[in-house]
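Go by the hints and put chain B onto chain A.
Chain residues, written in single-letter form:
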Amino acid sequence: MNRLACLVLIIGTALPAVAQDARKSGFDFMGPDTQAMQKDDLANPGMLSVLEGEALWKANAGTSQKSCASCHGDAAQSMKGVAARYPAFDETTQAPLDLAGRILQCRTERQAAPAPQREGRELLALTSYVAHQSRDLPIAPPKDARLTAARAQGAALYSTRMGQLNFSCAQCHDDNAGGHLGAAPIPQSHPTGYPLYRLEWQALGSLQRRFRNCLSGMRAEPIAAGSQDAIALELFLMDRAAGMRLETPAVRP
Amino acid sequence: MWRAVGFIAVLVSAQAQAQALVPYRIENGAIAQSLTGVKGDTAKGRAIVVERQKGLCLLCHSGPFPEERFQGDLAPSLVGTGSRLSEGEIRLRMVDSTKVNEKTIMPPYYKTEGLERVAANYKGKTLLSAQEIEDVIAFLVTLKDDTQK
Numbered sequence: 001m002n003r004l005a006c007l008v009l010i011i012g013t014a015l016p017a018v019a020q021d022a023r024k025s026g027f028d029f030m031g032p033d034t035q036a037m038q039k040d041d042l043a044n045p046g047m048l049s050v051l052e053g054e055a056l057w058k059a060n061a062g063t064s065q066k067s068c069a070s071c072h073g074d075a076a077q078s079m080k081g082v083a084a085r086y087p088a089f090d091e092t093t094q095a096p097l098d099l100a101g102r103i104l105q106c107r108t109e110r111q112a113a114p115a116p117q118r119e120g121r122e123l124l125a126l127t128s129y130v131a132h133q134s135r136d137l138p139i140a141p142p143k144d145a146r147l148t149a150a151r152a153q154g155a156a157l158y159s160t161r162m163g164q165l166n167f168s169c170a171q172c173h174d175d176n177a178g179g180h181l182g183a184a185p186i187p188q189s190h191p192t193g194y195p196l197y198r199l200e201w202q203a204l205g206s207l208q209r210r211f212r213n214c215l216s217g218m219r220a221e222p223i224a225a226g227s228q229d230a231i232a233l234e235l236f237l238m239d240r241a242a243g244m245r246l247e248t249p250a251v252r253p
Numbered sequence: 254m255w256r257a258v259g260f261i262a263v264l265v266s267a268q269a270q271a272q273a274l275v276p277y278r279i280e281n282g283a284i285a286q287s288l289t290g291v292k293g294d295t296a297k298g299r300a301i302v303v304e305r306q307k308g309l310c311l312l313c314h315s316g317p318f319p320e321e322r323f324q325g326d327l328a329p330s331l332v333g334t335g336s337r338l339s340e341g342e343i344r345l346r347m348v349d350s351t352k353v354n355e356k357t358i359m360p361p362y363y364k365t366e367g368l369e370r371v372a373a374n375y376k377g378k379t380l381l382s383a384q385e386i387e388d389v390i391a392f393l394v395t396l397k398d399d400t401q402k
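Protein chains in written order, with this note's numbering: chain A, 1 to 253; chain B, 254 to 402.
Mixed in with the good hints there might be a few duds.
With a straight-line cut-off of 20 Å between C-alpha atoms, the simulated SDA-like cross-links for lysine to any residue are [stated by the list, open to error]:
#1 B/K307 - A/C214
#2 B/K378 - A/P222
#3 A/K58 - A/H72
#4 B/K297 - B/P319
#5 B/K356 - A/A156
#6 B/K376 - A/A224
#7 B/K356 - A/I186
#8 B/K376 - A/T160
No lab work stands behind these hints: they were computed from the structure. The structure presented is a predicted model; accordingly, all values stated were derived computationally and were not measured.
Just chain A, with the same shape it has in the complex:
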């Protein structure tokens, strides 16, 4: 079990009435200006991708000439809570699948449309639109035993020292969260806001893009988006953040 969960347990037992949670979203590590930008839908640049995703949701695509809405209807109903329980076990491939992977599968196999690029604008927009339907809902990882092995693989990766700098994710995000790496406050790496708009990227990006950022800082091999390693890491982080609220589209510095 990870340290944070232990801490939560200990505090929880000592002060049952208060039910303290030591976990904090990246939101809590940001300055008031960036927080205000996230909270105001008119100022939040991530909302542009959500709107773009909404248009794509309704548009017919591929040789099927069906839209996402043709099968799923009103996303506000059918997609509510979906992002909160991904990655999930996929019956067809018999492997864990992340939300973007599921949408990609629908697009190619059900709509018979050309495969969107894994980290391309179209898939990011659709993913942010779907994830937005879970905004403010608690992260609720599925209790599917078939995910256990991948989750453990993600936990192991998270605490493995990697790269020329020999850091593990846990060393920064568990042991040194709240500290400063140069100017940057180190958050606890909860996947609460994705896809999110990063001011540094000047774009909307995925959680797996964030992994690549941290890994390149560590001078470690990148983990490809949609790979088993990336999904394993995501599964672990979602589990570690169970019960925290989704913010999509979040804004980060």
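Frame of chain A; chain B shown alone:
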């Protein structure tokens, strides 16, 4: 700075140092012998320490560098290093800090083996060259407790 400069610029400034490592001996928590036999250059050492893309030191440490903004707070201040540690003790900490504290976050500056998933363009290369390490040591020993902050 990690965000604006660190992670990105670091990649661009990769220093090719793919040569065989100079052998060294650890005794009593120190590496007494210079790695090169050439006396380190204090001014060059200071430059490496403050240069974020090279030494990376100020990502974690602060020190007597009033001109440097955004010094990290993950590690002890470098002020007084030369009073607390001998030259050989500093050398060991620069070469491979995990030899002093297995769990340390301080990167090993002179090590190529026993690292996992190193990005292709850094494989087999050390963070600093042997002479750069001697330069940094030459500078750190001058940081006495009475150094102006």
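Does the structure break any of the earlier hints, and which numbers would those be?
Every hint satisfied by this model.
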